[in-house]
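Enquirer: Given only the sequences and the hints, what does the whole structure look like? Please build it.
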Amino acid sequence: MKRDWSVAALKAGLARATEVLEGMTGLTFQISGPVCRLMELETLPELASDSEAAMIAVYTRLLGDTPGHAVFLFTPAAARSLADLMVGAGQPPTLRESALSELCNVAGSAVLNVLADAGGMELVPSPPLVIEDMTGAVLQSVAAGLATLSQVLVIEGVISIGGESCSARLLMVPDDHVTVR
Amino acid sequence: MREGAIQVRMGEVRFSHHGVLACYALGSCVATVLYDETARLGGVAHVVLPGSAPQGSPFPGRYAHQAIDWLAAGMSARGVDPRRCRTYLVGGARLLQLDPPHRGTNIGAQNIEAVRSVLKTYGIVHAKEDVGGTQGRTMRLEVETGRVTVSRVGQEAEVL
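These protein sequence lines are chains A and B, in that order.
Per my numbering, the first sequence runs over residues 1 to 181.
Per my numbering, the second sequence runs over residues 1001 to 1160.
Simulated from the structure, these hints should not be mistaken for laboratory data.
Treat the hints loosely; a few may be bogus.
Unchecked claim - Just so you have them, the derived chain B footprint on chain A, three or more residues with Cβ under 8 Å:
no., stretch
1, 50-60
2, 127-134
3, 140-148
What the hints assert, rightly or not - The following residues of chain A were derived to be distant from chain B, with all beta-carbon distances above 10 Å:
no., residue
4, V7
5, R16
6, T18
7, G23
8, G33
9, V35
10, L38
11, L41
12, M86
13, Q91
14, D117
15, A118
16, E122
Beta carbons are placed, not taken as given, at the ideal position from N, Cα and C, and that holds for glycine.
Expert: In structure tokens:
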């Protein structure tokens, strides 16, 4: 099966995610992108400038008509700041993690819903998984599931939060047979 | 320290008589190391998937069977008997642990078993291992000394 994702729908999806996040948190969000590129599979783990650096990743498996992967990447400091802004400083790590997970779930679902409606397809996200580890190890595990491909399509949005006091990246990587036009 | 290290990327097999051979940020992949003290020769395979490459696959080195075959053949071609080598396995973690019904297969565990199985066909049954779990790892082989270190986020590198 070959499906197209349109740049216009991705842009609209990111804009919708911005609205939803602002309504949910009362914070200011800006999401730039999407930037779409084809990458050699081997270079996917090196997408972050330092693949060994600790990051907080919120990972979602995408199922449905165009399966794939979505990963939000935060520096530990940005994740902490954002969670503090949402639930207040000094909360237990489990509550901060839950807040971050919910935020990414809402933002990711907003993008997927717009994309699915525009393309007349079904896109179903798995529950999000929060991982604190080397960025490269998370992306390498995603790449391993795509290892029959030579190149992968990476769609990236950069998220600025609270007047750029912290930022994050959203990466979407379809399994196969997806083009963006 | 990354400067000067020879990076072994996904699906690659590399050999060296000097310097550092490194696999950075391993998740489910398994770094397989053969090292011969006498020849001061190290070989590293970065295994991505279990099993054998399908017929005509353009990426045979990503699969355990072909990668270990190339690793053993490369050591032999340089005058080293793979059975005489010190052997190390690092990686094979499961970072993306999704709950049912979205559970994926555990590629990391399958990679570990596949590599062990292929090594056995070469008579290699004793390997030092730092495998499995849910954390990413970086493996470095210092070829002059044969020292293999494993590092994780927030921890000092440990000698394997």
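Enquirer: None of the hints should be skipped; say for each whether it holds.
Expert: Outcome of the hint check:
1. 50-60: holds (count 4)
2. 127-134: holds (count 6)
3. 140-148: That given contact holds, which follows from 8 residues of the stretch 140-148 of chain A lying within Cβ reach (below 8 Å) of chain B.
4. V7: 28 Å, holds
5. R16: 24 Å, holds
6. T18: The claim stands: T18 of chain A keeps its Cβ more than 10 Å from every Cβ of chain B (closest is about 27 Å).
7. G23: 27 Å, holds
8. G33: 24 Å, holds
9. V35: V35 of chain A clear of chain B: closest Cβ-Cβ about 22 Å, beyond 10 Å.
10. L38: Answer for L38 of chain A: holds, closest chain B Cβ roughly 16 Å.
11. L41: Non-interface label fails for L41 of chain A: nearest chain B Cβ at 7 Å, not farther than 10 Å.
12. M86: With a cut-off of 10 Å, M86 of chain A remains clear of chain B, as the shortest Cβ separation is near 24 Å.
13. Q91: Per Cβ check, Q91 of chain A is outside 10 Å of chain B; nearest 21 Å; holds.
14. D117: Correct as stated: the minimum Cβ-Cβ distance to chain B is 22 Å, above 10 Å.
15. A118: 24 Å, holds
16. E122: 15 Å, holds
When the structure is compared with the earlier hints, a violation turns up for hint 11 alone.
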